[in-house]
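Please model the entire structure based on the sequences and the hints provided.
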Amino acid sequence: MLKIKNLYATVEGKEILKGINLEIQEGEVHAIMGPNGSGKSTLANVLAGHNNYKVTQGEIIFEGKNIFDLSVEERAKEGIFLAFQYPVEIPGVTNYSFLKTALNEIRKQNNLEEIDSKEFMDLLNKKMKILDMDDVFIQRSVNQGFSGGEKKRNEILQLLMLEPKLALLDETDSGLDIDALKIVSNGVNVFRNKNNAVLAVTHYQRLLNYIVPDFVHVLSKGRIIKSGGKELALELEEKGYDWIKG
Amino acid sequence: MDFKKVKDFYSKQIAELKVTGNSFLIEEIKNSSLNEFNSASFPSTKDEEWKYTDITPLLQKEFFIAKKVKDKINIEKFIFNNFPQNLIVFIDGIFSEEYSKYEPSNFQIKNLTSFTNDDITFLQDYFDISGSKKNIFTIMNAAFAGEGFFIYVPDNTNVELPLQILNINGYSNNALITPRYFIYVGKNSSLKIISNNRHFSDNSYFVNNYFDLRLARNSHLDFYNILNENSFSYNFTNILMERESNLNHFSISLNGKFIRNDLTAELNDENIECNLNGLYLSKSDNLVDNHTEVIHAKPNSNSNEIYKGILTDKSHGVFNGKIIVAPQAQKTNAFQSNRNILLSKDAKVDTKPQLEIFADDVKCSHGATVGSLDENSKFYIKSRGIPEDIANKMLLKAFACEIIEKIEIKDIRKYLTSEISNLLTEKKSLDN
Ligand SMILES: Nc1ncnc2c1ncn2[C@@H]1O[C@H](COP(=O)(O)OP(=O)(O)O)[C@@H](O)[C@H]1O
Ligand SMILES: [Mg+2]
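Those protein sequences? They're chains D and G, same order as listed.
Residues 1 to 246 (the working numbering) make up the first sequence, in order.
Residues 247 to 678 (the working numbering) make up the second sequence, in order.
If you are wondering where the hints come from, they were derived from the structure by calculation, not from laboratory data.
Each hint should be verified, as a subset may be incorrect.
Taking lysine-lysine and the DSSO-like style, the derived pairs with C-alpha atoms no more than 30 angstroms apart in a straight line are [said to hold, decoys possible]:
no.	chain 1	residue 1	chain 2	residue 2
1	D	118	D	165
2	D	54	G	591
3	G	660	D	151
This is the structure:
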């Protein structure tokens, strides 16, 4: 599904990613772990197409296609979704209209008609139930005044509604208490199937107890310096990052 | 530019003006205003108050008092319609009986032309604004004031229905439009007014509006001044507030080649709440200039001013917000903010707070920003598959919502939201 080959990227002239190689197949969950500042969010943003980040070398092949020339929204329509570390507040735009607009754009891409309101509400209610979200969220402005945990839940709600092929999760566990973490993780697990994939970027091992990865990669200074199975996450938790450095 | 010639042109028009009212007082007002007009002068950009706003384009054209329109015109499309209300219609500044529908049961609406000499004290008070507030435009308005309305709410009266004043401008070419409104809200009373200013055509015209808003003790006024003009528009708003009164003022400038809004609010007693909300949009090479002045004369009152602008193409915005806190006005809370979004690299805004605070125990804050749409927010929206143009609309909506969500009338909220969307659609230059 995703093939990252020798990827170099800069932000504001500073080189952050220095030759990333990574391959993700359908049905897999990959975790990228690494200390603060190692470039995890940068990788997620580069994949989603943020134009502050410039790819200087290498390529990203998604579903057999080089996505270098695709804009952010085109990548989203192709099926790449980024759950943000810091979701943005959009006052005056309700969750309802935001989600409906987004869903219809993605349906348009897949040659589907606009969803009718009833069908949309049924879908939304179903997904909100999975995340134990209150009805009031439908009419609230996107993320405005939401607590950290509510914002993260809202990200996963969008994930469940838009059903992308590849979900990039950037520190989805940060700011969550244990109950919220379980709910959010469950949301991600509901999303998972054999045709899609998850790339979870995280500082801590905690999330990976609930979203169990098939592969764990350690990112340090813009490079993947070690890859392994889910046990690697536990090892990192125990020993910290220092033991692999050098 | 020969300012003298322009003055002579209007001076002659005033002198030849036939006063329509029953009152010889109006004749007197006309004559004294004419004298004042003759000794006043048009401001230039050397004037501090007009530093960024060049009125030469206005003076290069000649405008004439319009005649009453005889043709049937379709006014429906201009009206905010979806609620019961009273409606007063002016076409090119001339009151139109046939389109107006009002049944003031518990308040009075009176046309200036229907005043008689018995109303002398009232009229004198109305025209006698203090010298420092007069400028050549307000003098001109008084001199030409053949048309105007008094809206008078007696004490202890809640006027439930909003009153819509619809001004349809530019029906005839080169119209000079000078209505004057006096609005008085009595003690413990409340009123809602929508001043809805629209253009009929692409004709050029000059509107010179004068609003006098007086709030008696413990009264409440919601006032919306909505400008969707096409040509030149000058608006003077004079606000006087008494003890415990409460004002929600909305200055909404959606379109116009040249818009200058001068607003002055005097908080003359304690426990007053004065909320000044502004939203302005500008495109092509238009100008929109807001000059506001809030005067805290007594202790324990609050003023809260938020003006927001969205500018595109080569348009130019000006904001000048003055706050004066008198020495005895302790425990004043005065807040001011002016935020601007520029949608193109050629648009610009000059913004300036002007604080004159003579009391020591006060809370005053102000802030001004000029920027573009937040890239990170745009990224967020687009990352959900939403295209650039819709993302921009959402972000403008988000920017304006601080003002829009305070508006109680749904029709107006919808109208403003769609005008903001239109601004993006019509945006001429598609640069970054
Ligand atoms: N927009 C940006 N502007 C400047 N520097 C940035 C920007 N985004 C990230 N960086 C820098 O790139 C490096 C990696 O950051 P990031 O990808 O956020 O790391 P992580 O998510 O692993 O903590 C850091 O040194 C950070 O300061
Ligand atoms: Mg990060």
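We went through each hint and held it up to the structure:
no.	hint	verdict
1	118/D to 165/D	holds (25 angstroms)
2	54/D to 591/G	holds (23 angstroms)
3	660/G to 151/D	holds (28 angstroms)
In the structure shown, no violation is registered for any of the earlier numbered hints.
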